[in-house]
Amino acid sequence: SQQGEEDPQALSIQEGENATMNCSYKTSINNLQWYRQNSGRGLVHLILIRSNEREKHSGRLRVTLDTSKKSSSLLITASRAADTASYFCATDRNYQLIWGAGTKLIIKP
Amino acid sequence: GAGVSQSPSNKVTEKGKDVELRCDPISGHTALYWYRQSLGQGLEFLIYFQGNSAPDKSGLPSDRFSAERTGGSVSTLTIQRTQQEDSAVYLCASSLVQGMNTEAFFGQGTRLTVV
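Quick note, the sequences are listed as chains A and B, same order. Mapping of the first sequence onto this note's numbering: position 13 corresponds to residue 13, and the numbering continues sequentially without gaps. Mapping of the second sequence onto this note's numbering: position 26 corresponds to residue 26, and the numbering continues sequentially without gaps.
No lab work stands behind these hints: they were computed from the structure. Remember, predicted model here, so these are calculated numbers, not experimental data. Ideal Cβ placement from N, Cα and C applies to all residues, glycine included. Some clues are possibly wrong.
[Stated by the list, open to error] Looking from chain B toward chain A, a few residues come up when the C-beta cut is under 7 Å (computed):
#, residue
1, Leu39
2, Gln41
3, Gly42
[Stated by the list, open to error] If the Cβ cut is set under 7 Å, some of the chain A residues that face chain B in the computed set are:
#, residue
4, Gly42
5, Leu43
6, His45
7, Gly59
8, Trp99
9, Gly100
10, Gly102
[Said to hold, decoys possible] Chain B is nowhere near these chain A residues, computed Cβ spacing over 10 Å in every case:
#, residue
11, Ala19
12, Thr27
13, Ser28
14, Gln33
15, Leu48
16, Glu55
17, Leu61
18, Ser68
19, Lys70
20, Ala78
21, Ala81
22, Ala101
23, Ile107
24, Lys108
Using the sequences plus the hints, can you model the full thing?
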């Protein structure tokens, strides 16, 4: 069963704008990870945030985690055409990652 | 190798045939995972290996599915008597330590089409 649920399911923005995606989960976690999947390519790890962390940055990416609300957000600033992809959050449960259905992000030129 | 390698990249098979999918994880990664992804969906967990043993096979959809891992390295996922609902992309991932508390590295997947 799915643990994470991404919101929105699809997002279309102009190049240069910021994109925000949200993820909600159901049970307690050790960490939450965000991955990107380009068309025709495998999944690529973007960032991992541990349950005792509240915010993490990596380049143009900013991830927040609110364990009280069981939610996380991924912010991509100054979006580029190359950011067009599906974004998934994954939470760990014991030794496996539980995945949501993803947010499809389209960056318009 | 430099990354997780899966073969074949694409497989078209007739309903009722058996197929074997291969995953070659990153050298030194003890944990190996198989997932299935249907079109537009998230990832469905199938099985997890720690070394050569599979502590959890609960994700396998039916007894037509089996997997093994030899030498703590290469893994094969076998689907017997394939059905059309087996059509999906099968993804393999490996990680350095148990618990997925580190980054998971994914292969490019095997796209299976059952006709």
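Consistency of the hints with the structure:
1. Leu39: violated, 11 Å
2. Gln41: Check passed: Cβ of Gln41/B comes within 6 Å of chain A, closer than 7 Å.
3. Gly42: Holds - the Cβ of Gly42/B comes within 7 Å of chain A, reaching about 4 Å at its closest.
4. Gly42: holds, 4 Å
5. Leu43: holds, 4 Å
6. His45: Cβ of His45/A sits 4 Å from chain B, so the hint holds.
7. Gly59: violated, 16 Å
8. Trp99: Trp99/A check passes; min Cβ-Cβ to chain B is 4 Å, inside 7 Å.
9. Gly100: Check passed: Cβ of Gly100/A comes within 5 Å of chain B, closer than 7 Å.
10. Gly102: holds, 6 Å
11. Ala19: Holds, because the least Cβ-Cβ distance between Ala19/A and chain B comes to about 19 Å, which exceeds 10 Å.
12. Thr27: holds, 15 Å
13. Ser28: Fine: 14 Å to the nearest Cβ keeps Ser28/A off the interface.
14. Gln33: violated, 8 Å
15. Leu48: violated, 7 Å
16. Glu55: Label holds. Min Cβ-Cβ 19 Å, cutoff 10 Å.
17. Leu61: holds, 14 Å
18. Ser68: holds, 22 Å
19. Lys70: Consistent with the label, Lys70/A stays out of reach of chain B, its closest Cβ about 17 Å off (over 10 Å).
20. Ala78: holds, 25 Å
21. Ala81: holds, 22 Å
22. Ala101: violated, 4 Å
23. Ile107: The claim stands: Ile107/A keeps its Cβ more than 10 Å from every Cβ of chain B (closest is about 19 Å).
24. Lys108: holds, 21 Å
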